[in-house]
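Single-letter residue listing:
Number of protein chains: 2
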Amino acid sequence: MNDRPDPQSFPVTPRNRAKRLHERAAYDRDAVYAVIDASLLCHVAYVIDGQPYCTPTIHWRDGDWLFWHGSSASRMLKTQKAGLPVCLTVAHLDGLVLARSGFHHSANYRSAMCFGTAHIIDDPEEKAEALKAVVDRFYPGRTDMLRENDPQEAKGTMVIGMRIEEASAKIRTGGVSDDPADVDAPVWAGVIPVETRLRAPEICPKVPEGVPFPDHLGHFQEGRRLDEVLTESQALYEKQG
Amino acid sequence: MNDRPDPQSFPVTPRNRAKRLHERAAYDRDAVYAVIDASLLCHVAYVIDGQPYCTPTIHWRDGDWLFWHGSSASRMLKTQKAGLPVCLTVAHLDGLVLARSGFHHSANYRSAMCFGTAHIIDDPEEKAEALKAVVDRFYPGRTDMLRENDPQEAKGTMVIGMRIEEASAKIRTGGVSDDPADVDAPVWAGVIPVETRLRAPEICPKVPEGVPFPDHLGHFQEGRRLDEVLTESQALYEKQG
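Respectively, the protein sequence lines represent chains A and B. Read in order, the letters of the first sequence are residues 17 to 257 in the numbering used here. Read in order, the letters of the second sequence are residues 17 to 257 in the numbering used here.
Among these hints, one or two may not hold up.
Since the list can't tell identical chains apart, any single copy or any two copies may satisfy a pair.
[As the list claims (entries may be wrong)] Quick list of in silico lysine-lysine cross-link-like pairs, DSS-like style, CA-CA up to 25 Å:
no.	residue 1	residue 2
1	Lys35	Lys171
2	Lys35	Lys143
3	Lys171	Lys143
4	Lys171	Lys148
5	Lys143	Lys255
Worth flagging that the hints you see were computed from the coordinates, not collected in a lab.
Just chain A, same shape as in the assembly (with noise of 0.2 Å):
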């Protein structure tokens, strides 16, 4: 599978490789980045002396790295310098597949597994880019109307990054797989799609009179689907570079 690498292509390891159902999985970086750009909710899962967490938490991604905010593993990070092996996860659920047998039901989803080693982010500069790149990467252009984080701020904020080192996706799209010999059962068997849509804005009641609904936030229209939105936003943060 690998034995030509690709440069798009994450490296395939008995860690990434698919274990079940490798017929949905791709390990391009288009597939990856197309996953993990389209949310904003990640899972991380770490360990501590044996124990795993799985800690959900807001990430955003700057080309193979990936960052998120300090958790119950920033104690733990402090004292490894060398780092802590992390696996992050994004998941996209996008319908409810109902078959004829319990068998073949399913779900339709797009999920993107990340494996890579996390480290603070602690030299100062870096810090100061990825607290504003928090708040770019979803609302770009936000950080320029916004006063500059205060040191006692930023000290208070952890930021956890790791550069991908080996990635899977995993998509599932389409209808119902049943066995031929249960298609004629007068069963109703189907899709019912789900979606993650915008809700319209609510301002903060305490915002003075006058201040309209800013330009940059003119994507986040009432009724978008979340994961386009959110691309898209990526898309624009990248492009304002």
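With chain A fixed as given, assemble chain B onto it according to the hints.
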């Protein structure tokens, strides 16, 4: 916090005690189950040879027990009769919180982290029950309309279960929490709520003519919130017991 143990609460230990923002945390079964039952998708963290994995999968709950399908951990579990420590996490994103400073940007969410020891469910009766539950818990009454799993299918499906030993829920709701000194800034601040809803069911084109959308899916109406529908499914399932 746990001086007078509450039978409705999970024990609070260093493993599940919230490390940050503990005013958002809860340890009672009602809070934890509400988060779990509103979702089909969870993330399971486990460790193989020191490497953490974070696998998205479908979960279901029966009392204090959580179940999911086989995963990359399956091979390891086969050799580990004592079980494998895991952390199973469910998270819902409810809104984007845009503040007047980078520091106070946030998200509204509901999450639950559950700790336990995963075992393969290999007792044939228990396994058969679990394979019914994974359908009926989401679509109560549906297995009555399906053929039974054949022995090959049951054999080919790994069911993993764990009793929740410890758990915590963490919830953020409401508006922006800005520093009082920032509130007069001429900056748009507020919340953009997000919601996951059902779209219209897409029937498999091979379903024989005249098969209606079934009564047992009556609450899966187009436009309803997924979390509310799945919570209703769990309640119906428990009632049908």
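Comparing the hints with the structure gives:
no.: 1; hint: Lys35 with Lys171; in the structure: between (42 Å within a copy, 17 Å between copies)
no.: 2; hint: Lys35 with Lys143; in the structure: between (37 Å within a copy, 22 Å between copies)
no.: 3; hint: Lys171 with Lys143; in the structure: within (10 Å within a copy, 51 Å between copies)
no.: 4; hint: Lys171 with Lys148; in the structure: within (14 Å within a copy, 51 Å between copies)
no.: 5; hint: Lys143 with Lys255; in the structure: within (21 Å within a copy, 52 Å between copies)
Comparing the model with each numbered hint stated earlier shows that all of them hold.
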